[in-house]
Amino acid sequence: MEFNNAILSVRNLYKKFEGVEVLKNVSFNLHEKEVLVIVGPSGAGKSTLIRCINRLEEPTKGEIIFNGNKIDNKTDYNKLREKIGMVFQKFNLFLHLTAIQNITLPLKIVKKKSEKEAYKIAMEYLSKVGLKDRANHYPIQLSGGEQQRVAIARALSLEPKVMLFDEPTSSIDIELIKDVLDVMKNLAKEGMTMIVVSHEMGFAKEVGDRILFMDKGEIIEENDPEDFFRNPKTERAKQFLSKIINI
Amino acid sequence: MGFDFNISLFMESIPYLIDGAKYTILFSLISIVFGILIGLFVSLMKISKNPFFNILGNLYIEIIRGTPLLLHIMIAYYGLAAFKINLNYFTAGVLALSINSGAYCGEIFRAGIESIEKGQMEAARSVGMSYAQAMRFIILPQAVKRVIPPLTNEFVAMLKDSSLLSIIAVPELLRNARQLMGTKANVWSPFIGAGLIYLVLTLPLTRFASLLERRFAKGGV
Chain A
1 MEFNNAILSV RNLYKKFEGV EVLKNVSFNL HEKEVLVIVG PSGAGKSTLI RCINRLEEPT
61 KGEIIFNGNK IDNKTDYNKL REKIGMVFQK FNLFLHLTAI QNITLPLKIV KKKSEKEAYK
121 IAMEYLSKVG LKDRANHYPI QLSGGEQQRV AIARALSLEP KVMLFDEPTS SIDIELIKDV
181 LDVMKNLAKE GMTMIVVSHE MGFAKEVGDR ILFMDKGEII EENDPEDFFR NPKTERAKQF
241 LSKIINI
Chain B
1 MGFDFNISLF MESIPYLIDG AKYTILFSLI SIVFGILIGL FVSLMKISKN PFFNILGNLY
61 IEIIRGTPLL LHIMIAYYGL AAFKINLNYF TAGVLALSIN SGAYCGEIFR AGIESIEKGQ
121 MEAARSVGMS YAQAMRFIIL PQAVKRVIPP LTNEFVAMLK DSSLLSIIAV PELLRNARQL
181 MGTKANVWSP FIGAGLIYLV LTLPLTRFAS LLERRFAKGG V
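Respectively, the protein sequence lines represent chains A and B.
Here the numbering used here is used: the first residue of the first sequence is 1, the next is one more, and so on.
Here the numbering used here is used: the first residue of the second sequence is 1, the next is one more, and so on.
There could be a bad hint or two in this list.
Lysine-lysine pairs mimicking DSS-like chemistry, simulated, CA-CA at most 30 Å apart [unchecked claim]:
| # | chain 1 | residue 1 | chain 2 | residue 2 |
| --- | --- | --- | --- | --- |
| 1 | B | LYS118 | A | LYS108 |
| 2 | B | LYS84 | A | LYS111 |
| 3 | B | LYS118 | A | LYS112 |
| 4 | A | LYS178 | A | LYS61 |
To be clear, the hints were calculated from the coordinates, so they are not data collected in a lab.
Predicted model only: the values in this text are computed from it and were never measured.
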């Protein structure tokens, strides 16, 4: 696959939590339409890294350039987050709202859409994730897989330039994971630019363009998915992969 | 003087006691409404990351909760007069009760807001909502449900504590009972009457609160 210019550039990023360095000198580029998969043991700093991108976390040091603009304290974070969709491990659907309201509310508040427009857009995205018939269900009435697909629809409805997925399938029953991964695969095929923190090796191999392997706050290895899983360059990646059964 | 309960004196007392109870309810209802408004405000200050608001909210809660309601009533009625603010017993009573319950409601709201899972705020922010929008549309609507039981208990406390207003001659339930003690030369009949009326007011409310608590605990809506 050919890539245009980097849409996102992370340079020498550091993050300290109460004296502990969670991210150490992390740098990488993300290109338009690229699917970047971040793997690594828990505590490696993967989630922190992508949470720094949409500023749910403030990095301690380093810079992030998104769409040609440096993100700093002059950036309007709310505007930034409209352009960077995020999907969480625990779905985080708004629990007091139905599936469709979860999508229409941000459209109305953030994108200033009318009720009618918002409804139309929300229905479109619910159909896209195959949940049109669940529009009026509350999150508590949906399975984990369904909740996550609604969450994906919610993020997509704002038409982001980049989607961040923070372990999107780790809280989902194994038999429901496929539905979520299928949605993500379609998204990748449509050319969405994505960063996916995940241990789904099948997904990484099939749709990932590049793998970042992280450990202890650093990027240890950057590789092509095929090569990474068959023949990792670093010893630590080898050790990590040997512990994962599901390759 | 022994136990002087007398059923006919008791029956005679009831209408006058009910007149007093009307004031008790009126003062409590008005004050809880103001108390809730103040409390909402104070709780948002207390959880704010802005140090000025944060300190202000904390100070309010600590000072009010660390001093007796009776003192607040006295200050509102007698103390403010020194600054040429002469309040009648109605205004002074509502002011004192509202300010007092504002601190307790503040803590109730804070606990309610903090009980909402962190992911809700993060998700709201991640779709581009401002902090204020996230509070208004996502956090508070969920917190409101959870604060209904403790707020009901706060209202029950207010119904009882408003008896302190008798010190500034508000004709509420306990003050009327005490008057009856003088006019009827009888202690137990009016006081048992007053106690029963307090129970009639508070018991259904506490039952309601604990019912809701149990329902929420089971994860119901």
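Quick rundown of the hints versus the structure:
For the given pair, LYS118(B) sits about 23 Å from LYS108(A) by alpha-carbon distance, which is consistent with the 30 Å threshold. Between the alpha carbons of LYS84(B) and LYS111(A) the distance comes to roughly 52 Å, so the proposed pair goes past 30 Å and is violated. Taken as a hint, the LYS118(B) and LYS112(A) pair is honoured in the structure, with Cα atoms around 25 Å apart against an allowance of 30 Å. For the hint pairing LYS178(A) with LYS61(A), the CA-to-CA distance comes to about 38 Å; that exceeds 30 Å, so the pair is violated.
Checked against the numbered hints above, the structure violates hints 2, 4; every other hint is satisfied.
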